[in-house]
Amino acid sequence: MVEKISIILFSGAMDKLMAGAIIASGAVANGLDVNIFTTFWSLLQFKKSGAPKPTLSPDAGNMADLVMKTMKEKKVPSWLDTLKQISEIGNVTIYGCAMFADLMGIKKEDLDPIVKDVIGVSQFVDMSKDAKMTLFL
Amino acid sequence: MVEKISIILFSGAMDKLMAGAIIASGAVANGLDVNIFTTFWSLLQFKKSGAPKPTLSPDAGNMADLVMKTMKEKKVPSWLDTLKQISEIGNVTIYGCAMFADLMGIKKEDLDPIVKDVIGVSQFVDMSKDAKMTLFL
Amino acid sequence: MVEKISIILFSGAMDKLMAGAIIASGAVANGLDVNIFTTFWSLLQFKKSGAPKPTLSPDAGNMADLVMKTMKEKKVPSWLDTLKQISEIGNVTIYGCAMFADLMGIKKEDLDPIVKDVIGVSQFVDMSKDAKMTLFL
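Chains as they are written, first to last, in this note's numbering: chain A, 1 to 137; chain B, 1 to 137; chain C, 1 to 137.
Keep in mind the hints are simulated off the structure, nothing from the lab. Warning: the hint list may mix true and false statements.
Note that identical chains are pooled: a pair holds if it fits in a single copy or bridges any two copies.
Below, a list of computed lysine-lysine pairs in the DSSO-like style, where the Cα atoms sit at most 30 angstroms apart [to be verified]: (1) K74 to K107; (2) K108 to K74; (3) K69 to K116; (4) K48 to K108; (5) K4 to K69; (6) K69 to K53; (7) K129 to K4.
Could you put together the complete structure from these sequences and hints?
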């Protein structure tokens with residue numbers, strides 16, 4: 001059985017989404033499958049239109065501006081581009097949270113096509129039970 | 001042996017507590033036991049009186065107001081009510097962090113009775129070692 | 001084989017670093033090895049000089065001042081001192097994130113010597129695959 005990891009994306013902050021994409025890419029580099037569950041604020045960032053302007057997490061403290069400037073200068077790919085790239089190399093599957101989508105009237109077709117399906121949290125917990133790690137971001 | 005998951009609640013932000021309660025309920029729906037360890041800012045939210053007014057995590061970005069308004073309109077149950085409901089259906093056990101409780105002079109009887117016991121972090125790590133997943137929120 | 005846990009430190013907020021150090025110490029008390037991966041904002045806090053002034057996570061809400069004051073009064077050791085103490089008792093290994101260090105021009109010698117090595121995220125994912133838990137802070 002192929003080994004896998006799960007990542008729950010909760011935050012809509014750009015740096016956390018980037019961390020999630022980078023960890024997913026590290027998992028793909030190890031031949032692991034990756035299941036991602038996007039819920040709450042991160043789900044809004046997967047909207048094809050009307051996604052809120054991404055902010056930085058306050059975990060950044062007062063270094064946010066310098067780091068973001070450096071990332072732009074060095075042309076670090078966006079979290080969404082990273083997810084798209086690794087989806088072509090490895091088994092990366094992204095699920096939207098049905099409860100939050102329903103609450104906010106978001107339909108599957110409103111989301112970037114990288115989101116394969118909209119499922120319930122219990123289904124995601126079930127598919128993560130035997131993952132090598134499950135992270136909450 | 002019954003399978004179980006562990007959730008460490010650190011944040012006192014309402015949306016993260018809600019995410020924790022929803023994940024716990026997804027675990028219960030899968031027949032998993034759930035152990036929750038409430039520490040730092042989340043522990044203060046379990047106080048029977050004098051709990052700080054819950055805030056939203058900054059992960060929400062500028063969507064906080066709209067989402068909270070929608071949750072109120074659709075009468076989404078509170079995180080504490082969700083925890084209470086699933087505790088009646090499944091094996092959900094909530095532990096307070098002894099170190100933080102001690103630091104802040106909080107006693108077990110100051111906490112909502114849903115908190116079953118106040119234990120040390122090493123004891124919680126020990127009971128989480130064989131969990132199917134351990135999340136930090 | 002010795003059992004182990006992994007902790008990914010992302011946040012540079014003092015309370016989250018403290019939570020990470022306390023969980024690591026709980027793991028050491030259980031005889032577990034601990035691997036820590038410091039990336040993004042937490043990596044900056046391991047700099048020997050020029051580390052940004054640590055802030056508190058907004059998860060603290062309006063209780064931040066009271067709790068910090070109490071911690072000072074009760075002389076709670078800093079997160080870095082806690083990590084140093086438990087490193088002398090148990091197998092605690094701290095790795096810096098190569099990608100972020102590279103991005104910001106940080107070299108291994110710029111970091112507190114408690115950081116043993118600077119490695120890639122895929123290497124850390126690989127060493128965490130068989131951990132008893134992997135937490136993202």
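Each hint, compared with the structure:
Within a single copy, K74 and K107 get their C-alpha atoms only as close as 35 angstroms, which misses the 30 angstroms cut-off; across copies the closest is 17 angstroms, which meets it. Proximity of K108 to K74 under the C-alpha cut-off of 30 angstroms is restricted to the inter-copy arrangement: shortest distance 21 angstroms between copies versus 34 angstroms within a copy. In this homomeric assembly, K69 and K116 come within 30 angstroms of each other (Cα to Cα) only across copies, at 28 angstroms, whereas the closest approach inside a single copy is 32 angstroms. Taking CA atoms no more than 30 angstroms apart as the test, K48 paired with K108 passes inside one copy only; the shortest distance there is 10 angstroms, against 41 angstroms between copies.
With identical chains, the CA atoms of K4 and K69 are never at most 30 angstroms apart, being 34 angstroms at best within one copy and 37 angstroms at best between copies. Within a single copy, K69 and K53 get their C-alpha atoms as close as 17 angstroms, and across copies as close as 20 angstroms, so both meet the 30 angstroms cut-off. When the C-alpha separation of K129 and K4 is checked against a cutoff of 30 angstroms, the pair qualifies both within a copy, at 10 angstroms, and between copies, at 9 angstroms.
Hint compliance for this structure: hint 5 is the single one not met.
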